[in-house]
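Colleague: The lines below spell out each chain.
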Amino acid sequence: MKNIILTVLAISALAFVSCKKDNTVAKPTVQFTEVGHENSKQAMQGDDMHLEADIMAEGLIKRIDVEIHQEGGTFEIEKAYTEGKYIGVKNVEFHEHIDIPENAPLGEYHLHFTVTDQAGQTVTAEEHIEVIAFDPSHHDDDED
Amino acid sequence: MKTKHIFYLLLLCALSACNSTSNEKDLEAPEILAGTEGAGPLNCAVYHLGGTLIFQYSFLDNMELGSYNLEIHNNFDHHTHSTEAETCQQDPVKKPVNPWIYNKDFHLPAGEKMYDAYEEIKIPEDVDPGEYHFMIRLTDASGWQTLKSVSIRVAE
Numbered sequence: 013m014k015n016i017i018l019t020v021l022a023i024s025a026l027a028f029v030s031c032k033k034d035n036t037v038a039k040p041t042v043q044f045t046e047v048g049h050e051n052s053k054q055a056m057q058g059d060d061m062h063l064e065a066d067i068m069a070e071g072l073i074k075r076i077d078v079e080i081h082q083e084g085g086t087f088e089i090e091k092a093y094t095e096g097k098y099i100g101v102k103n104v105e106f107h108e109h110i111d112i113p114e115n116a117p118l119g120e121y122h123l124h125f126t127v128t129d130q131a132g133q134t135v136t137a138e139e140h141i142e143v144i145a146f147d148p149s150h151h152d153d154d155e156d
Numbered sequence: 008m009k010t011k012h013i014f015y016l017l018l019l020c021a022l023s024a025c026n027s028t029s030n031e032k033d034l035e036a037p038e039i040l041a042g043t044e045g046a047g048p049l050n051c052a053v054y055h056l057g058g059t060l061i062f063q064y065s066f067l068d069n070m071e072l073g074s075y076n077l078e079i080h081n082n083f084d085h086h087t088h089s090t091e092a093e094t095c096q097q098d099p100v101k102k103p104v105n106p107w108i109y110n111k112d113f114h115l116p117a118g119e120k121m122y123d124a125y126e127e128i129k130i131p132e133d134v135d136p137g138e139y140h141f142m143i144r145l146t147d148a149s150g151w152q153t154l155k156s157v158s159i160r161v162a163e
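If you read the sequences in order, they're chains A and B. To convert a position in the first sequence, counted from 1, into this note's numbering, add 12. To convert a position in the second sequence, counted from 1, into this note's numbering, add 7.
Isolated chain B, as found in the complex (with noise of 0.2 angstroms):
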């Protein structure tokens, strides 16, 4: 009786010791929502040099939340991205001088399936003013990523 005993629990033993590693498989990139009330950027606004750019938008992954990334790249070239909604008013094409790069690693807190992000950049006096993009990057804990591109205006 007693060795029937060890045999079924040895036995249950080798049958489960598998499922601890086999965590449930996240197959969905997080999504950027401009739910929220003033969010922002959004397409074809307009900032002025030497001003504040606000960054508000929600983040929402079914399972967890991982880091974003924001950058700034000027599109002075009118260079396109897939992610792109819409061609907002174009100035000529011009060589960067000095162009504004901005480019900002978060991290959010662990455990999260959603997040209101907010932040304020400072946008520098001394950079060409024109047209930019403004890319969104957002990373669920597994690694799976989402990108938002969005045109802005940096006028003097």
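This is chain A alone, in the form it adopts within the complex (with noise of 0.2 angstroms):
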């Protein structure tokens, strides 16, 4: 009898140890692939500007956060992804236009670009950019 409750016991504990649940989802990763126009790092008053990036996150995205804030100054855009079509989603090519204030001050910004998966892990990814004059041959060259 002692050798059969002996056995279960055993068992039972390499039962547990077997299932120990495999918590390593890979954090998620972002590369930027253009920042502002054809990727000049440069954005225009009162225009909008481009932000693209790939985004692997094995753990589902939950959300994405966008935060341009002023150097030396207080102005702050900030955009919040949180539902819609880059949520729960694994692999993004994330693409928006991120509306620049006619009233933001020119200058140098620092771009925070944050995703969140659904276990918690975050990443962020940073870049510098600078606020322009509006000039519509900024666009394209071959325009006046």
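No lab work stands behind these hints, which were simulated from the structure alone. Every residue, glycine too, gets a C-beta built ideally from N, C-alpha and C. Honestly, I wouldn't trust all of these hints.
To be verified - Capping the alpha-carbon separation at 30 angstroms, the derived lysine-lysine pairs in DSS-like fashion look like this:
| hint | chain 1 | residue 1 | chain 2 | residue 2 |
| --- | --- | --- | --- | --- |
| 1 | B | K155 | B | K32 |
| 2 | A | K74 | A | K91 |
| 3 | B | K32 | B | K101 |
| 4 | A | K91 | A | K39 |
| 5 | B | K129 | A | K91 |
| 6 | B | K111 | A | K39 |
| 7 | B | K32 | A | K74 |
| 8 | A | K91 | A | K53 |
| 9 | B | K111 | B | K129 |
| 10 | B | K120 | B | K101 |
| 11 | B | K102 | B | K32 |
| 12 | B | K120 | B | K102 |
| 13 | B | K101 | B | K111 |
| 14 | A | K91 | B | K101 |
| 15 | A | K74 | A | K53 |
| 16 | A | K74 | A | K39 |
| 17 | B | K32 | B | K129 |
| 18 | A | K74 | B | K155 |
| 19 | B | K111 | B | K32 |
| 20 | A | K91 | B | K111 |
| 21 | A | K91 | B | K102 |
| 22 | A | K39 | B | K120 |
| 23 | A | K39 | A | K53 |
| 24 | B | K120 | A | K74 |
| 25 | B | K101 | A | K39 |
| 26 | B | K102 | B | K129 |
| 27 | B | K102 | A | K53 |
| 28 | A | K53 | B | K101 |
| 29 | B | K111 | B | K155 |
| 30 | A | K74 | B | K111 |
| 31 | A | K39 | B | K102 |
| 32 | A | K91 | B | K120 |
| 33 | B | K155 | A | K53 |
As the list claims (entries may be wrong) - Label-pair distances were calculated between CB atoms; the ranges are:
| hint | chain 1 | residue 1 | chain 2 | residue 2 | range |
| --- | --- | --- | --- | --- | --- |
| 34 | B | E119 | A | Q130 | 22 to 30 angstroms |
| 35 | B | M121 | A | N15 | 53 to 61 angstroms |
| 36 | A | Q57 | B | K111 | 28 to 36 angstroms |
Each chain sits in its own coordinate frame; assemble them with the hints.
Modeller: Here's what the structure looks like:
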């Protein structure tokens, strides 16, 4: 009888050990593919700034936060994506036109791009950008 | 004899305990196919303000489809997408005043590997005419996404 109990205990232990869940979901990764028109790292007042990035999140994307803040100033642009086309997705080509207000002061800014997966893991990519005055010729060299 | 039976039974339980959780892993993204007749929008298609854009594509996945999203944004500045097939006729660059913005999620029925999507999208009358990008994002049940970007024109 004692033997049976011991055997039961030993095998139950084995069952538990062998079932330890593998919690190693890789952290999300982000790679900018375009920041500003043709990756110029520039944005124009009163225009929209292209932001494109490749995201890979094995644990599925929960949210994406974009924050652009002025260096040495208080001006900030914030955008959060918490529902819709990017959420619950593993691999995303993020593409958005971020509106830069007319009253955004000219000068240097920092862009922070944070991806959070459903396990709560985050990754942040950063880029330096410059806000310049609106100039249509900046968009396309063929035009006046 | 009885003890032996119990022993084997338990051993079997212990060994099989983890099998139920290890689902077959999905490694393939879904596909967006223009196979059906009348598929659209196709690259460089022209639509009109106040008109209707018919969206019609077929979706395919190796395991199970999930959802899709349609999004339209202006291309007044001639930007590019890596998934884009070609450049169409280009207007001079212009600044958006009241660009057409469309962004909608659609859920697909559970358990489907194939689906023929069809939607009628009304084009507002008061938006800026010009070049637009039509983005189709198809996601399967395990989260793999495929993006197809089509260049269209909205004429007056």
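Colleague: Evaluate each hint against the coordinates.
Modeller: Status of the hints after comparison with the structure:
Note on K155 (chain B) and K32 (chain B): the hinted pairing holds, with a Cα-Cα distance of about 24 angstroms set against a maximum of 30 angstroms. Of the supplied pair hints, the one linking K74 (chain A) and K91 (chain A) holds, its CA atoms being roughly 14 angstroms apart against a limit of 30 angstroms. Among the hinted pairs, K32 (chain B) with K101 (chain B) is inconsistent with the structure: their alpha-carbon atoms are about 47 angstroms apart, more than 30 angstroms. For the given pair, K91 (chain A) sits about 22 angstroms from K39 (chain A) by alpha-carbon distance, which is consistent with the 30 angstroms threshold.
Distance restraint check for K129 (chain B) and K91 (chain A): the Cα-Cα separation of roughly 27 angstroms lies within the 30 angstroms cut-off, and the hinted pair is therefore satisfied. Simply put, K111 (chain B) and K39 (chain A) have alpha-carbon atoms about 28 angstroms apart, close enough for the 30 angstroms limit, and the pair holds. Restraint check: the Cα-Cα separation between K32 (chain B) and K74 (chain A) comes to about 21 angstroms, which is no more than 30 angstroms; the hinted pair holds. For a cut-off of 30 angstroms, the pair hint linking K91 (chain A) to K53 (chain A) stands: about 18 angstroms separates their Cα positions.
Between K111 (chain B) and K129 (chain B), the direct Cα distance comes to roughly 13 angstroms. Compliance with the 30 angstroms bound is thereby established for this hinted pair. Distance hint between K120 (chain B) and K101 (chain B) is unfulfilled; the C-alpha atoms sit about 42 angstroms from each other, more than 30 angstroms. Of the pairs offered as hints, the one joining K102 (chain B) and K32 (chain B) is violated, with about 46 angstroms between alpha carbons and a cut-off of 30 angstroms exceeded. Under the criterion of a C-alpha separation no larger than 30 angstroms, the hint pairing K120 (chain B) with K102 (chain B) is inconsistent with the structure, at around 42 angstroms.
About 26 angstroms separates the Cα atoms of K101 (chain B) and K111 (chain B), which keeps this hinted pair within 30 angstroms; it holds. In summary, the hint linking K91 (chain A) to K101 (chain B) is supported, as the alpha carbons are separated by about 25 angstroms, within the 30 angstroms threshold. About 27 angstroms separates the Cα atoms of K74 (chain A) and K53 (chain A), which keeps this hinted pair within 30 angstroms; it holds. Note on K74 (chain A) and K39 (chain A): the hinted pairing holds, with a Cα-Cα distance of about 12 angstroms set against a maximum of 30 angstroms.
For the proposed pair K32 (chain B) and K129 (chain B), the alpha carbon gap of about 39 angstroms is over 30 angstroms, so the pair is violated. Of the supplied pair hints, the one linking K74 (chain A) and K155 (chain B) holds, its CA atoms being roughly 22 angstroms apart against a limit of 30 angstroms. A distance of roughly 29 angstroms separates the Cα atoms of K111 (chain B) and K32 (chain B); the hinted pair therefore holds under the 30 angstroms criterion. For the suggested pair K91 (chain A) and K111 (chain B), the alpha carbons sit about 18 angstroms apart, so the restraint of at most 30 angstroms is met.
Only pairs whose Cα atoms come within 30 angstroms are accepted, and K91 (chain A) paired with K102 (chain B) is accepted, the gap being roughly 22 angstroms. Proposed proximity of K39 (chain A) and K120 (chain B) is supported: the alpha carbons are some 29 angstroms apart, at most 30 angstroms. Among the hinted pairs, K39 (chain A) with K53 (chain A) is consistent with the structure: their alpha-carbon atoms are about 26 angstroms apart, no more than 30 angstroms. The hinted pair formed by K120 (chain B) and K74 (chain A) meets the criterion: a straight-line CA distance of about 25 angstroms does not exceed 30 angstroms.
Taking the CA atoms of K101 (chain B) and K39 (chain A), the gap is about 40 angstroms. The hint is violated against a cut of 30 angstroms. With a C-alpha separation of about 23 angstroms, the suggested pairing of K102 (chain B) with K129 (chain B) holds against the 30 angstroms cut-off. Annotation: proposed proximity of K102 (chain B) to K53 (chain A) holds, straight-line Cα distance about 19 angstroms (limit 30 angstroms). The straight-line distance between the Cα atoms of K53 (chain A) and K101 (chain B) is roughly 20 angstroms, inside the 30 angstroms bound, and the hint therefore holds.
As the CA atoms of K111 (chain B) and K155 (chain B) are separated by approximately 15 angstroms, the hinted pair is consistent with the 30 angstroms bound. Pair hint K74 (chain A) plus K111 (chain B) holds up; C-alpha atoms about 18 angstroms apart against a cutoff of 30 angstroms. For the hint pairing K39 (chain A) with K102 (chain B), the CA-to-CA distance comes to about 39 angstroms; that exceeds 30 angstroms, so the pair is violated. Distance hint between K91 (chain A) and K120 (chain B) is unfulfilled; the C-alpha atoms sit about 34 angstroms from each other, more than 30 angstroms.
Pair hint K155 (chain B) plus K53 (chain A) holds up; C-alpha atoms about 25 angstroms apart against a cutoff of 30 angstroms. Take E119 (chain B) and Q130 (chain A): their Cβ atoms lie about 23 angstroms apart, and the range 22 to 30 angstroms holds. For the pair M121 (chain B) and N15 (chain A), the beta carbons lie near 57 angstroms from each other, so the given range of 53 to 61 angstroms is met. Between Q57 (chain A) and K111 (chain B) the C-beta distance comes to about 30 angstroms, which sits within the given range of 28 to 36 angstroms.
This entry does not satisfy hints 3, 10, 11, 12, 17, 25, 31, 32, going by the numbered hints stated previously.
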